[in-house]
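Novice: Under the working numbering, think of the first position of the sequence shown as 214, with each following residue one higher.
No lab work stands behind these hints: they were computed from the structure.
Some hints here could point you the wrong way.
[Said to hold, decoys possible] The calculated DMTMM-like cross-link candidates involving lysine to aspartate or glutamate, where the alpha carbons are at most 25 angstroms apart (straight line), are: (1) K276 with D250; (2) K228 with D238; (3) K301 with D284.
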Amino acid sequence: MGKTSGVSVCITAYKATRFIKECLDSVANQSLFLKSDNYEILVGIDNDQETLRYLQTIAPQYKNLRLLMMDSNEGTYITTNTLFEAAKYDYVVRFDADDIMQENCIEEALAKIGDCDYVRFKFHNFYETDKVRWHDVLIAHGIGMFKRNTIREYGYFRPWRIAADTELLHRLRDFIRIGSTEGVVFERRVYDGSLTTAEKTKQQSQLRNYYAYVIKNSKYISVIKATIPMVTNTYQEVSLE
Numbered sequence: 214m215g216k217t218s219g220v221s222v223c224i225t226a227y228k229a230t231r232f233i234k235e236c237l238d239s240v241a242n243q244s245l246f247l248k249s250d251n252y253e254i255l256v257g258i259d260n261d262q263e264t265l266r267y268l269q270t271i272a273p274q275y276k277n278l279r280l281l282m283m284d285s286n287e288g289t290y291i292t293t294n295t296l297f298e299a300a301k302y303d304y305v306v307r308f309d310a311d312d313i314m315q316e317n318c319i320e321e322a323l324a325k326i327g328d329c330d331y332v333r334f335k336f337h338n339f340y341e342t343d344k345v346r347w348h349d350v351l352i353a354h355g356i357g358m359f360k361r362n363t364i365r366e367y368g369y370f371r372p373w374r375i376a377a378d379t380e381l382l383h384r385l386r387d388f389i390r391i392g393s394t395e396g397v398v399f400e401r402r403v404y405d406g407s408l409t410t411a412e413k414t415k416q417q418s419q420l421r422n423y424y425a426y427v428i429k430n431s432k433y434i435s436v437i438k439a440t441i442p443m444v445t446n447t448y449q450e451v452s453l454e
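Go ahead and model the full structure; you've got the sequences and the hints to work with.
Specialist: Printed below as a string of structure tokens:
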């Protein structure tokens with residue numbers, strides 16, 4: 214890979230102390246990263262001091278790790294936008310701090326990205342408490358690998374607390390090439406208190422139903438109409454020396 218032809222894995226973290234190490238271990242042990250040093254792991258801490266302190270204690274275990282502390286708590290999508298802008302490589306991966314990559318995840322995504330602008334990741338769900346896996350194969354809306362220069366033209370994710378990944382997919386599907394991995398490449402953790410299970414943000418919640426209505430009734434007849442202002446946060450990069 215060339216100087217900028219590497220992979221930036223962007224992970225958003227908030228109240229993530231009990232599971233982020235498992236996530237980071239799965240990223241660090243990617244088959245590609247064991248062979249190539251053209252990667253970085255960016256963790257965007259959404260103004261959470263407890264998660265920051267924990268990450269500072271385990272940071273020496275990981276190569277090419279960068280910690281970015283957001284100046285205010287603005288949610289996972291604005292944090293992702295900020296990480297994408299801070300990333301130094303051409304291919305950016307959005308990932309969540311509570312999920313686990315399979316060891317071939319990045320290699321399989323790179324094998325598809327040449328023909329796509331965005332490669333969606335296939336996944337299984339599993340329960341946090343007993344690690345029982347749901348066998349249904351699902352395809353993530355906003356977890357995957359993007360060509361940074363392509364996706365940044367459209368403004369990345371809207372500054373919503375939930376559902377901005379579904380909105381991005383709906384907004385851009387007619388203007389960029391979208392594919393998916395051949396097989397399952399990560400495991401999504403299901404637990405009480407996540408955005409998909411919390412009372413105010415779960416499926417069929419008032420807020421999620423509102424966003425579903427907005428998405429359904431949004432029409433993008435041209436590239437210009439599909440382009441939005443990109444919202445990012447300000448941050449401090451944490452020294453790990």
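Novice: Compare the structure with each hint and give your call.
Specialist: Going through the hints against the structure:
Simply put, K276 and D250 have alpha-carbon atoms about 9 angstroms apart, close enough for the 25 angstroms limit, and the pair holds. Between K228 and D238 the CA atoms are separated by roughly 18 angstroms; this keeps the pair inside 25 angstroms, and the hint holds. This hinted pair checks out: K301 and D284 have alpha carbons roughly 21 angstroms apart, not beyond 25 angstroms.
Comparing the model with each numbered hint stated earlier shows that all of them hold.
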